Amino acid sequence: MLAQSAIIAENSGAPLTFGDDRVAGQILEALRVRPNVEMACLYQLGGAVLTGYQRDPGGACPGQPPAGSAFGWQAIHIVTPVTIGRDRVGTLYIRRELGDMYDRIRVAGVTILVLLLLATGAAFLISARIQQSIASPLLQLADTAHAISQTRDYTLRAPSASNDEIGVVMRSFNEMLDRITDALERERQAGRLKDEFLATLSHELRTPLTAMLGWTRMLRSSRLDAAMQAKALEIIERNARAQAVLVEDLLDMSRIVSGKPRLQIGEADLAAIVDAAVEVVQPAAAAKRLELKVEIDSRPAMSYGDTGRLQQVVWNLLSNAVKFTPPDGQIRVRLERDNGYTLSVQDTGSGIEPRYLPIIFEPFRQADGTSSREYGGLGLGLAIVKQLVELHGGTIQAHSLGHGTGATFEVHLPSVVPSRGAALAPHRSSQSLPPSRVDESLLRGLRVLVVDDEEDARVLLETVLTQHGADVTTVSSAADALAEIERHPPDMLLSDIGMPHEDGYFLIREVRARPHACGGSIPAIAITAYATASDRLAVEAAGFQAHVAKPFELSEVAHLVAALGHATGSRS
1 MLAQSAIIAE
11 NSGAPLTFGD
21 DRVAGQILEA
31 LRVRPNVEMA
41 CLYQLGGAVL
51 TGYQRDPGGA
61 CPGQPPAGSA
71 FGWQAIHIVT
81 PVTIGRDRVG
91 TLYIRRELGD
101 MYDRIRVAGV
111 TILVLLLLAT
121 GAAFLISARI
131 QQSIASPLLQ
141 LADTAHAISQ
151 TRDYTLRAPS
161 ASNDEIGVVM
171 RSFNEMLDRI
181 TDALERERQA
191 GRLKDEFLAT
201 LSHELRTPLT
211 AMLGWTRMLR
221 SSRLDAAMQA
231 KALEIIERNA
241 RAQAVLVEDL
251 LDMSRIVSGK
261 PRLQIGEADL
271 AAIVDAAVEV
281 VQPAAAAKRL
291 ELKVEIDSRP
301 AMSYGDTGRL
311 QQVVWNLLSN
321 AVKFTPPDGQ
331 IRVRLERDNG
341 YTLSVQDTGS
351 GIEPRYLPII
361 FEPFRQADGT
371 SSREYGGLGL
381 GLAIVKQLVE
391 LHGGTIQAHS
401 LGHGTGATFE
411 VHLPSVVPSR
421 GAALAPHRSS
431 QSLPPSRVDE
441 SLLRGLRVLV
451 VDDEEDARVL
461 LETVLTQHGA
471 DVTTVSSAAD
481 ALAEIERHPP
491 DMLLSDIGMP
501 HEDGYFLIRE
511 VRARPHACGG
521 SIPAIAITAY
531 ATASDRLAVE
541 AAGFQAHVAK
551 PFELSEVAHL
561 VAALGHATGS
571 RS
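At position 193 of the sequence shown the residue is numbered 193 (this note's numbering), and the sequence of numbers has no breaks.
Hints were generated in silico from the structure; no laboratory data involved.
Please read all numbers here as calculations on a predicted model, not as lab measurements.
Glycine included, C-beta positions come from ideal geometry on N, C-alpha and C.
There are no misleading hints in this set.
What follows is a list of derived Cβ distance ranges for each label pair:
{"no.": "1", "residue 1": "Thr181", "residue 2": "Ser133", "range": "24 to 30 angstroms"}
{"no.": "2", "residue 1": "Arg289", "residue 2": "Ala230", "range": "22 to 28 angstroms"}
{"no.": "3", "residue 1": "Lys288", "residue 2": "Arg157", "range": "50 to 56 angstroms"}
{"no.": "4", "residue 1": "Gln132", "residue 2": "Thr155", "range": "24 to 30 angstroms"}
{"no.": "5", "residue 1": "Val247", "residue 2": "Asp297", "range": "31 to 37 angstroms"}
Turn these sequences into a full structure, and let the hints guide you.
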């Protein structure tokens with residue numbers, strides 16, 4: 001409107017100069033096409049109205065032009081000077097109504113309001129959709145977590161159908177629940193296995209104890225003839241050996257689990273090991289009329305390993321075969337050489353159900369763990385065998401088609417087996433211990449001091465050593481032992497380790513602190529129930545010359561005392 005006002009003012013200069021109201025009126029008539037222009041007036045320089053344009057009939061121009069342009073609520077007042085060159089010749093006044101602008105503003109406002117409502121509705125719909133896709137799954141996840149915390153039911157799962165980030169969260173939550181469920185199941189299974197193992201252990205401990213205690217009472221009754229007394233002693237000894245095997249199996253499993261198995265690595269003749277194990281089980285096989293076939297490769301079968309432990313492996317497999325094979329059955333043992341050595345033990349026994357094959361080498365696991373099971377044992381034998389074979393760098397597998405089809409165990413050993421860092425310790429097979437023989441002159445002239453807080457152990461050692469010719473003195477404490485050494489230094493010291501007040505370590509330190517003339521160099525043997533490799537090393541480091549683990553073979557102790565006495569020249 002300002003531009004149009006300037007054009008009209010420029011065109012109106014001549015009519016104003018000459019006072020031509022007709023031409024000036026024609027110029028103002030051009031505003032008729034602008035319906036919002038209410039009036040337009042041309043004023044001469046003196047302020048008189050030359051001509052005017054009124055949209056509405058009856059309208060009249062103001063007597064004087066306004067002082068300047070102004071903006072009102074109803075209209076815009078535009079005052080434009082009319083000039084020719086630099087000289088002002090008059091004034092143009094235009095009054096324009098604002099109704100159309102208000103109409104446009106109202107339309108724009110309505111439009112904006114509608115758009116705002118539409119945007120709000122769209123935002124609501126989008127937010128509702130987003131809430132449904134994000135908030136709803138999260139609420140379901142929260143509900144599931146709350147339900148699990150209240151009911152402890154870890155089988156509940158959060159619904160997951162999307163592949164977005166929320167779906168990833170839901171699946172991760174469910175995977176976490178799966179792991180928790182698996183862990184709980186393993187814990188429950190471990191609890192069941194522990195209960196079964198403890199029940200089995202109780203049974204296996206009480207069974208030989210019952211026989212030993214019962215026959216001991218029978219012997220004390222003095223109502224048995226010589227034959228029955230011999231039978232009673234045989235039964236007691238057999239059950240005591242069974243107890244020793246049981247304890248040794250538990251200790252072996254403990255050492256293996258703790259990563260501290262005891263191995264004495266050296267050259268091992270596998271053929272001789274197999275022959276020795278077969279010889280041990282031969283009487284049991286003959287008692288059941290089992291045919292025991294042995295096939296050994298004629299080529300030398302030399303390897304590196306712990307001969308005693310490898311014999312334990314073979315003996316365990318053969319013992320299981322004898323145990324599970326019914327009378328008049330057959331056991332076949334093969335030792336073959338092919339990229340190493342393969343030992344197989346095949347029987348025609350009860351066999352193994354396929355579902356038990358994956359767990360047959362796990363500790364404390366048995367195919368039949370019920371109280372009505374046919375065969376005894378703790379379920380440690382095959383687990384120990386597997387660990388010992390793997391310590392020698394080999395593998396073991398079990399094969400069976402099911403119940404009544406027999407079973408085959410295959411052990412694969414490399415030709416040269418490196419040591420795996422197992423602790424060195426002598427291994428003694430409790431199945432092939434030498435028989436006790438009494439040589440009354442073996443320890444003749446040897447003065448032996450026995451120290452043990454257990455009276456039964458003192459009496460046993462005193463009796464054994466005395467039967468072999470030794471002069472034995474017994475005391476029950478380290479203090480009494482030191483006093484005895486002060487009075488009469490012995491030729492040999494046998495001491496327990498675990499004693500009240502001062503233990504065996506204290507005793508040997510006190511003895512070694514003495515001068516030679518006062519008994520400081522007395523040969524000493526530790527006879528103790530602390531039987532691990534670390535215990536043996538600790539005993540030797542403390543100053544003992546030898547370590548004997550309880551229970552021990554009577555003749556073995558006597559011969560060890562004799563050998564140590566001869567080696568040190570301690571005999572009086």
